[in-house]
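Enquirer: Protein chains in written order, with this note's numbering: chain D, 12 to 248; chain F, 12 to 248.
Read the hints as simulated data drawn from the structure, not as lab findings.
It should be emphasised that the depicted structure is a prediction, and the values quoted were computed from it without experimental measurement.
Don't take each hint at face value.
Computed spacing ranges between beta-carbons, pair by pair [claimed, not checked]:
hint : chain 1 : residue 1 : chain 2 : residue 2 : range
1    : F       : Thr160    : D       : Lys76     : 46 to 52 Å
2    : F       : Lys200    : D       : Glu57     : 24 to 30 Å
3    : F       : Ala211    : D       : Thr53     : 27 to 33 Å
4    : D       : Arg47     : F       : Asp134    : 44 to 50 Å
5    : D       : Glu62     : F       : Asp247    : 33 to 39 Å
6    : D       : Arg204    : F       : Ala211    : 31 to 37 Å
7    : F       : Thr160    : D       : Pro39     : 30 to 36 Å
8    : D       : Gly93     : F       : Glu62     : 21 to 27 Å
Computed list of lysine to any residue pairs in SDA-like fashion (alpha-carbon distance at most 20 Å, straight line) [as the list claims (entries may be wrong)]:
hint : chain 1 : residue 1 : chain 2 : residue 2
9    : D       : Lys97     : F       : Glu99
10   : F       : Lys72     : D       : Arg102
11   : D       : Lys76     : F       : Lys72
12   : F       : Lys75     : D       : Pro166
13   : D       : Lys76     : F       : Lys167
14   : D       : Lys97     : F       : Lys167
Ideal placement from N, C-alpha and C gives every residue a C-beta, glycine not left out.
Number of protein chains: 2
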Amino acid sequence: MAYELYYWPNIQGRGEFVRLALAEADAPYVDVARERGTRALTALWEAEDVEHPPFAPPFLKDGKKLIGQTANILLYLGDKEGLAPKNEVGRLWVNQIQLTIADLVSEAHDTHHPIGSDLYYEDQKPEALKRAQEFRKGRIAQLLGWFETILARNPKGDSFLVGARLTYADTSLFQVIEGLSYAFPKAMKRELRKAPRVVALRDRVAARPRIKAYLQSARRIPFNEQGIFRHYPELDG
Amino acid sequence: MAYELYYWPNIQGRGEFVRLALAEADAPYVDVARERGTRALTALWEAEDVEHPPFAPPFLKDGKKLIGQTANILLYLGDKEGLAPKNEVGRLWVNQIQLTIADLVSEAHDTHHPIGSDLYYEDQKPEALKRAQEFRKGRIAQLLGWFETILARNPKGDSFLVGARLTYADTSLFQVIEGLSYAFPKAMKRELRKAPRVVALRDRVAARPRIKAYLQSARRIPFNEQGIFRHYPELDG
Numbered sequence: 012m013a014y015e016l017y018y019w020p021n022i023q024g025r026g027e028f029v030r031l032a033l034a035e036a037d038a039p040y041v042d043v044a045r046e047r048g049t050r051a052l053t054a055l056w057e058a059e060d061v062e063h064p065p066f067a068p069p070f071l072k073d074g075k076k077l078i079g080q081t082a083n084i085l086l087y088l089g090d091k092e093g094l095a096p097k098n099e100v101g102r103l104w105v106n107q108i109q110l111t112i113a114d115l116v117s118e119a120h121d122t123h124h125p126i127g128s129d130l131y132y133e134d135q136k137p138e139a140l141k142r143a144q145e146f147r148k149g150r151i152a153q154l155l156g157w158f159e160t161i162l163a164r165n166p167k168g169d170s171f172l173v174g175a176r177l178t179y180a181d182t183s184l185f186q187v188i189e190g191l192s193y194a195f196p197k198a199m200k201r202e203l204r205k206a207p208r209v210v211a212l213r214d215r216v217a218a219r220p221r222i223k224a225y226l227q228s229a230r231r232i233p234f235n236e237q238g239i240f241r242h243y244p245e246l247d248g
Numbered sequence: 012m013a014y015e016l017y018y019w020p021n022i023q024g025r026g027e028f029v030r031l032a033l034a035e036a037d038a039p040y041v042d043v044a045r046e047r048g049t050r051a052l053t054a055l056w057e058a059e060d061v062e063h064p065p066f067a068p069p070f071l072k073d074g075k076k077l078i079g080q081t082a083n084i085l086l087y088l089g090d091k092e093g094l095a096p097k098n099e100v101g102r103l104w105v106n107q108i109q110l111t112i113a114d115l116v117s118e119a120h121d122t123h124h125p126i127g128s129d130l131y132y133e134d135q136k137p138e139a140l141k142r143a144q145e146f147r148k149g150r151i152a153q154l155l156g157w158f159e160t161i162l163a164r165n166p167k168g169d170s171f172l173v174g175a176r177l178t179y180a181d182t183s184l185f186q187v188i189e190g191l192s193y194a195f196p197k198a199m200k201r202e203l204r205k206a207p208r209v210v211a212l213r214d215r216v217a218a219r220p221r222i223k224a225y226l227q228s229a230r231r232i233p234f235n236e237q238g239i240f241r242h243y244p245e246l247d248g
């Protein structure tokens with residue numbers, strides 16, 4: 012039976028980490044809000060007979076199982092679809108990397124929404140200018156440096172973040188690099204020069220046949236200014 | 012062999028979620044930076060021969076295993092110390108709740124640091140006043156409402172978040188309620204009136220013999236204005 016992915020229909024957002032994992036696994040799925048309307052998403056989200064109600068999208072339905080929180084969905088898919096090592100130490104390491112990526116994603120979001128998600132960007136622009144500057148000047152380099160280090164120390168070589176095979180940490184890092192490059196093209200051009208292993212990994216993931224086909228398909232929503240990674244030129248530099 | 016917990020010595024911070032789980036499990040551990048100095052923490056953090064370097068504290072050493080990211084450490088301890096269900100659906104649900112708590116913790120931190128962690132609070136106070144207002148007016152009620160719902164829908168009753176026994180999701184929710192009540196006493200007094208199940212759970216966790224002993228011991232660092240939950244009266248209301 013096909014998975015059901017519940018996420019907003021007009022953005023990549025956090026759902027994209029799940030979409031990429033499903034694409035790489037060649038796993039059939041219904042992108043519920045896009046194929047059946049957003050009401051199909053809110054109906055399940057708000058249903059009063061759901062034992063494990065998610066706090067927010069994305070959530071994934073697999074038969075009777077309903078699983079929320081991006082990193083948790085990926086932990087599940089990693090095991091089921093062979094996108095993570097089978098041994099405990101490897102699984103936890105992939106999860107640890109994914110959680111660090113999740114922190115980075117939240118920080119990237121807050122560059123344009125430093126005061127509150129319920130307010131418009133235009134209503135928090137002065138604060139966004141300050142926060143984006145802090146993010147560009149410190150966090151991007153720090154985090155890219157950490158990924159470089161991980162790749163350099165992988166005893167199986169620097170082709171993948173963990174071990175000798177692709178895991179969902181790799182597809183997630185690909186997505187973050189793409190997103191940050193969309194949002195902060197100037198800053199990322201500068202910072203990626205110091206992260207050659209990360210660049211090579213991004214290219215390696217992009218060239219995977221299933222990922223390549225997904226990226227060229229109508230299923231891949233283009234980046235836009237409703238998502239997490241937004242290109243506001245005034246926030247770049 | 013005792014666990015080694017690596018975390019900042021002067022704050023509860025994210026390390027406290029691990030300390031509480033270890034206390035409830037009655038698991039021996041060394042609080043490394045407190046017992047051996049902060050240099051023992053930075054030495055391992057920065058060591059160049061570590062295969063799985065953590066991005067930031069807390070991290071836990073268990074023999075040769077080194078595990079970072081709070082939710083990931085708890086996932087590990089949940090299995091090993093019997094603080095999570097053994098079945099997959101239950102384990103994932105506990106992890107999902109913990110990840111939602113982690114999001115809430117980051118948001119609570121950002122009420123006093125909306126622009127950047129590397130700046131002082133005093134240098135981002137106008138922005139903090141705005142962000143704290145958004146947090147108090149929307150997110151606290153939303154999140155407490157979610158925890159109430161989970162407790163109400165637990166088929167095993169509302170004594171614990173998941174199933175009929177305590178899990179690390181319960182000790183973590185206790186900690187968040189304590190932290191928010193310290194940081195925002197006025198707002199929380201108002202909001203907790205609408206969350207009687209959450210209040211009862213907090214009291215139930217606080218009364219667990221091992222938790223009670225831990226909270227009364229010197230190991231429990233008092234809340235302070237260097238941690239995640241800070242009491243700045245101007246941010247409450």
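Enquirer: Tell me if the beta carbons of Lys200 of chain F and Glu57 of chain D are separated by a distance inside 24 to 30 Å.
Expert: Since the Cβ atoms of Lys200 of chain F and Glu57 of chain D sit about 29 Å apart, the hinted range of 24 to 30 Å holds.
Enquirer: Is the distance from the Cβ of Thr160 of chain F to the Cβ of Lys76 of chain D consistent with 46 to 52 Å?
Expert: 19 Å, violated
Enquirer: Regarding the pair Lys75 of chain F and Pro166 of chain D, is the alpha-carbon distance no greater than 20 Å?
Expert: 16 Å, holds
Enquirer: Is it true that the CA of Lys97 of chain D sits at most 20 Å from the CA of Lys167 of chain F?
Expert: Distance of about 32 Å is beyond 20 Å: violated.
Enquirer: Hinted pair, alpha-carbon criterion (20 Å max): Lys76 of chain D, Lys72 of chain F. Please report holds or violated.
Expert: Violated. Lys76 of chain D to Lys72 of chain F sits at ~33 Å, over the 20 Å cutoff.
Enquirer: Measuring from beta carbon to beta carbon, are Ala211 of chain F and Thr53 of chain D in 27 to 33 Å?
Expert: 30 Å, holds
Enquirer: For the pair supplied as a hint, Lys76 of chain D and Lys167 of chain F, is the alpha-carbon distance within the 20 Å limit?
Expert: Roughly 18 Å between the alpha carbons, so the hint for Lys76 of chain D and Lys167 of chain F holds.
Enquirer: Honestly, do Gly93 of chain D and Glu62 of chain F meet the 21 to 27 Å range at C-beta?
Expert: At roughly 22 Å between Cβ atoms, Glu62 of chain F and Gly93 of chain D fall inside 21 to 27 Å, so the hint holds.
Enquirer: At the C-beta level, are Glu62 of chain D and Asp247 of chain F separated by a distance inside 33 to 39 Å?
Expert: For Glu62 of chain D and Asp247 of chain F the Cβ distance comes to about 35 Å; the hint holds.
Enquirer: Could you tell me whether the CB distance from Arg47 of chain D to Asp134 of chain F stays inside 44 to 50 Å?
Expert: Given about 48 Å between the Cβ atoms, the range holds.
Enquirer: Taken at face value, is the distance from the CA of Arg102 of chain D to the CA of Lys72 of chain F at most 20 Å?
Expert: 16 Å, holds
Enquirer: Starting from the range 31 to 37 Å, see whether the pair Arg204 of chain D and Ala211 of chain F falls in it by beta-carbon distance.
Expert: Given about 56 Å between the Cβ atoms, the range is violated.
Taken one by one, the earlier hints fail for this structure at numbers 1, 6, 11, 14, listed in ascending order.
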